[in-house]
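From first to last, the protein sequence lines are chains A and B. Take 1 as the starting number for the first sequence in the numbering used here and just add one per residue. Take 1 as the starting number for the second sequence in the numbering used here and just add one per residue.
Hints were generated in silico from the structure; no laboratory data involved. Check the hints yourself; a few may be wrong.
Copies of the same chain look alike in the list, so a pair counts if it fits in one copy or across any two.
[As the list claims (entries may be wrong)] With a cut-off of at most 25 angstroms between alpha-carbon atoms, the simulated SDA-like pairs for lysine to any residue come out as follows:
hint: 1; residue 1: Lys243; residue 2: Met180
hint: 2; residue 1: Lys243; residue 2: Asn188
hint: 3; residue 1: Lys225; residue 2: Phe95
hint: 4; residue 1: Lys146; residue 2: Gly203
hint: 5; residue 1: Lys92; residue 2: Ile2
hint: 6; residue 1: Lys225; residue 2: Pro98
Protein chains: 2
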Amino acid sequence: MISKNEVKYIRSLGQQKGRLESGAFLVEGAKIVTEMIMQCANQVQKIYATAPFIESVRDISGYIDLIEVDNEMLERLSLMQAPNQALAVMKKFDFPLPPTDSKEWLMLLDGIQDPGNLGTIIRLADWFGIRNILCTLDCADCYNPKVVQASMGSIARIGVHAINWTDWLSNYKGPVIGTMLDGEPIQNFSFPDHGLIVIGREGSGIRTEMKSLLTQSIAIPSFGKAESLNAAVATGIVLWEMKRGS
Amino acid sequence: MISKNEVKYIRSLGQQKGRLESGAFLVEGAKIVTEMIMQCANQVQKIYATAPFIESVRDISGYIDLIEVDNEMLERLSLMQAPNQALAVMKKFDFPLPPTDSKEWLMLLDGIQDPGNLGTIIRLADWFGIRNILCTLDCADCYNPKVVQASMGSIARIGVHAINWTDWLSNYKGPVIGTMLDGEPIQNFSFPDHGLIVIGREGSGIRTEMKSLLTQSIAIPSFGKAESLNAAVATGIVLWEMKRGS
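Assemble the whole structure, with the sequences as input and the hints as a guide.
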């Protein structure tokens with residue numbers, strides 16, 4: 001039996017306030033919950049799921065608390081329009097912030113507020129082997145359920161760090177490469193072997209105070225009439241160009 | 001004064017049934033409605049907007065019927081959570097279907113059902129100079145308000161054709177290039193000067209019957225652990241690679 005308070009607690013994780021107070025977040029859907037059990041069972045606090053789902057994961061779920069619910073209860077707990085078998089309450093990840101002399105490729109997102117875009121960018125980082133993403137404090141919260149959903153499980157592998165960017169960036173030792181409409185066409189740019197890629201907000205782009213810290217600006221050339229590209233798509237093209245070699 | 005029936009009609013355009021019956025669709029928001037007036041005023045049937053918006057477009061709106069509404073009425077008419085000044089009822093576009101011996105680059109979308117992805121792909125086509133997109137009948141409707149929104153005005157410039165794909169594709173004369181997980185890495189592929197790029201559904205990919213009609217399959221190499229890329233992001237990378245030259 002699930003108490004009213006428990007329902008209330010789970011639903012509070014749909015809001016940033018609830019997640020801040022508890023240090024927990026929600027993951028929904030059979031596929032991604034199964035992936036979380038396999039990848040990071042120690043982060044999973046509780047799973048609420050239908051009987052068939054519980055059967056399917058019993059052998060791999062170790063000490064995780066599995067709570068059987070019917071569809072009606074799942075609908076009450078879920079934040080999705082069409083809940084899908086399982087919902088996990090998870091502990092937030094604790095990836096260490098990369099040092100300012102890191103020799104890896106990193107990304108800095110400036111004010112990316114659309115949760116779908118943020119989740120897609122996390123998934124992209126995971127595709128292109130980037131392990132850490134820095135976010136300005138006005139980006140969407142990476143534990144927002146829509147971000148988690150769009151990341152398709154990559155949230156468990158990629159460190160996403162909401163930081164007060166000014167200190168970190170002014171101490172950063174590597175090249176700082178930003179996408180700007182008037183930057184150098186990316187196909188002509190020789191990407192170094194590490195650095196920080198800065199992605200600005202759709203519409204307004206990288207904020208002025210941050211622009212002055214770029215060591216290089218790059219652009220994706222246009223061949224048609226659209227004014228701009230979606231932020232996640234632009235990130236994908238830049239990361240691909242960085243990785244493809246020339 | 002706006003009658004109950006008029007409100008009902010406008011709201012019906014949020015559903016495919018309403019759009020099929022009327023041949024009309026909705027465009028919302030100050031920026032995109034202004035763009036529609038400037039680009040294709042003859043497609044705009046009526047604009048419902050706040051007084052300041054009407055003032056701002058009066059000189060450019062010619063014979064378009066401008067109907068002043070207050071915020072309360074705009075909220076009743078709008079399908080958005082936060083309506084933004086203006087809403088236009090527009091006539092669907094009537095771009096001619098490209099011939100099967102077309103010498104332009106074309107795209108064929110196989111079952112892209114997420115409206116945000118479809119809209120983003122239309123915007124991408126417009127960025128990369130592709131003028132026509134073919135869609136299988138199980139794709140999202142390109143006049144779905146979420147598609148129109150995500151296309152950011154590109155819906156007015158790109159022909160999006162929902163077709164029974166088998167006939168058209170079996171008669172098509174150019175190269176048919178599909179994205180597949182086991183395709184040739186795109187950086188090694190020499191794109192011809194025209195052809196059809198086929199984008200499959202996220203998860204399941206291009207359907208089997210269509211695969212047999214591909215003349216070439218290509219893939220975006222992975223450098224990390226994510227299982228797949230978002231369909232719109234993958235489209236962006238493929239179109240960029242096609243355009244960048246080698």
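If you check each hint against the structure, which ones fail? none
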